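Put chain B on the given structure of chain A with help from the hints.
There are 2 protein chains.
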Amino acid sequence: MFESIALFGGTHGNETSGIQLIRNWQQYGMPARFNTLNVSLNIANEAALAANVRFVEEDLNRQFTLERLESSASSKEAVLAKSINETFGPKGHSQTDFVIDIHNTTSEMGATLIILEADEFHTQLARYVKQQMPEANILVEDEKPYLDHGYLCTIGKKGVMIEVGGQPQGVLREDVYLLTQTMAEAILDFCMAYNNGQIDAETLPKCEAFRLGDNVSFPLNENGHRTAMIHHALQDNDFKPLLPGMPVFRTFEGKDILWEGKKETYPHFINEAAYFKLDVAFATSERIEL
Amino acid sequence: MFESIALFGGTHGNETSGIQLIRNWQQYGMPARFNTLNVSLNIANEAALAANVRFVEEDLNRQFTLERLESSASSKEAVLAKSINETFGPKGHSQTDFVIDIHNTTSEMGATLIILEADEFHTQLARYVKQQMPEANILVEDEKPYLDHGYLCTIGKKGVMIEVGGQPQGVLREDVYLLTQTMAEAILDFCMAYNNGQIDAETLPKCEAFRLGDNVSFPLNENGHRTAMIHHALQDNDFKPLLPGMPVFRTFEGKDILWEGKKETYPHFINEAAYFKLDVAFATSERIEL
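Protein chains in written order, with my numbering: chain A, 832 to 1121; chain B, 832 to 1121.
Please keep in mind that the hints were generated in silico from the structure rather than gathered at the bench. Values in this document were obtained by computation on a predicted structure and should not be read as measured data. One thing to keep in mind: the hints can contain errors.
In this list, chains with the same sequence are indistinguishable; a pair is considered to hold if it fits within one copy or across any two.
[Unchecked claim] Pairs of lysine to any residue, SDA-like flavour, derived with a Cα cap of 20 Å:
| # | residue 1 | residue 2 |
| --- | --- | --- |
| 1 | 1108 | 884 |
| 2 | 1086 | 853 |
| 3 | 907 | 882 |
| 4 | 1086 | 859 |
| 5 | 1086 | 856 |
| 6 | 975 | 951 |
| 7 | 1108 | 889 |
| 8 | 907 | 889 |
| 9 | 1108 | 887 |
| 10 | 1086 | 1009 |
| 11 | 1108 | 874 |
| 12 | 907 | 893 |
| 13 | 1086 | 863 |
Extracted from the complex, chain A is given alone in its bound form (with noise of 0.2 Å):
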């Protein structure tokens, strides 16, 4: 049973399309279905929103592990994420069942549901979205515990995240703002469906879902420059096959750099904004059914 559900916009500050989707639903308040939901809708950086930046000191969404929360560390974005841990969590012995961050991406995912665990309760959640959605994406990050996970969306018992793009950091697109609002309210009505014990394990197919694998990097000169950028052939294609052979990056001379894995690879996050400063081109994944 989900008796407390917290929905987040604003982790960071430049993401405008979660953002939005909350202001709205505190203003105009949420569809009608949802009422015999206990939901809270907040913006986690306000300051951040303010400046209109990711974030005013450190990444919030990196400041959730056990060891940043207990540690004495006081930048903005560590001291406001003990305070949400305080109010929501505490985390790993919550008082909120489940947590839903929403974000966006200057890449072109789609609409993604991210979820931390491909244990038996996500892969439903994850089915269900994508049968009421099936353009969504469905990108497993589970190389680590739950617990391990610094984002913010872990202080609940169960946390997700939604991401989608590609949006502009500061520019609100409707067709984002869109895909975010259909997202949130089909992981809402599996909530709903849940509590009403409606969710059958027989009932629903499986679904084609994303492993994330590892981070790849921007080629660099030996002044930590990059020599080379996103291939027009690769850019906007997240979530698309990219086979050994195919082109990855186009050098500044104009040569191609082909990827060199053994094997077809999933990639996202392509050309994302935030990465920017740790030079991160691309992830890659595994495509797998859940």
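What follows is chain B alone, placed relative to chain A:
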């Protein structure tokens, strides 16, 4: 005669395509056919680049009015503007014949050449660029005298801007990079032809251009919050005709707001991230012939 040409990128520190073009031409050299041109390659705002932001304290590309340059303004960008003006200007009595300043936008403006005067020279330049690059857009911002603009490029005897999109801030897209490079080369090709006496007003065909109109704001409520977003029918349709009665905004309550202008207009800078804080939704323009 163009004795001296200054090419700038990084006037806004998160507009990566111009920055990368300058860096690449510095490292690998410009195309050999420009060897006879005296071109300096410059990054305008290194501090903003390092921070991956548009500007540190104030928009550098609004600092170059005579009033600002002579004022005691002491923001990082005001000081930087004075220094750039000393090196390449001074504005009004410039040692630099031609300044080309490279920008990018989150709007789908394609490759746009912004000229600030529609005199014979700029008309020839526009026609030449359009002939070389039929997909280019020509935007004429001649609503006030050349020297009254605060743009960096106005420190040159002549100055223009390249504006290419859509590209999120802090992201480098190959398509946007290549359009930027192509337009920069077309302008330099014009300079070569002009110096060689090969520009003949008779032979260059007239071209389509857009004359800047007004900024259109997002609808706001009494608290200054937006009540609507760019309509999906307008999004990404920069420089396409917007006719009276066509949808412009969709409110968060699901209603359409229609264009109430008396005649068609050609919107651009639609949903540009940098105008977020100003609540500017787009700019209008009139289609003209140059």
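Each hint, compared with the structure:
1. 1108 x 884: Both: 14 Å inside a chain and 12 Å across chains, each within 20 Å.
2. 1086 x 853: Intra 45 Å, inter 19 Å, cutoff 20 Å: inter-copy only.
3. 907 x 882: This pair counts as both: shortest intra-copy Cα distance 13 Å, inter-copy 18 Å.
4. 1086 x 859: between (53 Å within a copy, 13 Å between copies)
5. 1086 x 856: between (49 Å within a copy, 16 Å between copies)
6. 975 x 951: So residue 975 and residue 951 pass the 20 Å test inside one copy only (17 Å; across, 66 Å).
7. 1108 x 889: Within one copy only: 13 Å inside a chain, 22 Å across chains, cut-off 20 Å.
8. 907 x 889: within (7 Å within a copy, 24 Å between copies)
9. 1108 x 887: Both: 15 Å inside a chain and 17 Å across chains, each within 20 Å.
10. 1086 x 1009: Classified as between: cross-chain Cα gap 14 Å, same-chain 39 Å, threshold 20 Å.
11. 1108 x 874: Classified as between; 19 Å across copies, 25 Å inside a copy.
12. 907 x 893: For residue 907 and residue 893, only the intra-copy Cα distance (13 Å) is at most 20 Å; the inter-copy one is 31 Å.
13. 1086 x 863: between (56 Å within a copy, 19 Å between copies)
Hint compliance for this structure: every hint is met.
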